[in-house]
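Q: Respectively, the protein sequence lines represent chains A and B. Counting from 1 along the first sequence, just add 84 to a position and that's the residue number in my numbering. Counting from 1 along the second sequence, just add 84 to a position and that's the residue number in my numbering.
Since the hints were made in silico from the structure, they are not lab data. In this text the structure is predicted, and so the values were computed from the model without any measurement. Heads up, a few of these hints could be off.
Here are a few chain B residues that face chain A, going by a calculated C-beta distance under 7 Å [unchecked claim]:
| # | residue |
| --- | --- |
| 1 | Val-87 |
| 2 | Leu-112 |
| 3 | Val-120 |
| 4 | Tyr-155 |
Even glycine gets a Cβ: it sits at the ideal position worked out from N, Cα and C.
2 protein chains.
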Amino acid sequence: MKVRIFVRLKPGVLDPQGRAVHHALEGLGFDGVDDVRIGRMVEMDVADDTSDEALDKMCAQLLANTVIEDYRIEKVD
Amino acid sequence: MKVRIFVRLKPGVLDPQGRAVHHALEGLGFDGVDDVRIGRMVEMDVADDTSDEALDKMCAQLLANTVIEDYRIEKVD
């Protein structure tokens with residue numbers, strides 16, 4: 085089973101990397117860009133019998149820092 | 085307009101970060117995980133009249149390294 089996990093900073097948490105990208109886009113002449121935030125995408129092949137609970141645990145224990153980050157799990161097939 | 089850009093390593097390009105995560109998951113006792121690959125997600129608010137061409141240019145010029153990375157642009161609304 086293919087799984088995608090999207091990890092992003094919680095709203096309100098400062099994103100210096102996003103700011104740098106925003107600034108760089110402006111420097112390159114791209115106008116009209118407002119807010120930029122950078123997140124992570126983890127693509128995994130897991131055994132078909134992997135439970136939602138196990139996936140959730142992987143995120144909470146390793147893949148995301150739940151103090152400042154939210155995550156979303158998406159099963160691809 | 086909200087836009088999400090997903091950047092990931094091309095197939096065949098070595099992903100040491102993904103390997104490290106894979107190894108760490110096994111160390112934590114999560115079995116059945118096969119392949120792990122890490123990508124980036126860039127969320128942007130752009131002006132509604134931003135063309136697909138401009139978005140494509142942003143990716144090619146700054147957001148992705150097209151030598152080793154693929155990108156996908158998704159308009160959220």
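Q: Would you mind marking each hint as holding or not holding in the structure?
A: Here is what the structure says about each hint:
{"no.": "1", "hint": "Val-87", "verdict": "violated, 9 Å"}
{"no.": "2", "hint": "Leu-112", "verdict": "holds, 6 Å"}
{"no.": "3", "hint": "Val-120", "verdict": "holds, 5 Å"}
{"no.": "4", "hint": "Tyr-155", "verdict": "violated, 11 Å"}
Checked against the numbered hints given earlier, this structure breaks hints 1, 4; the rest are met.
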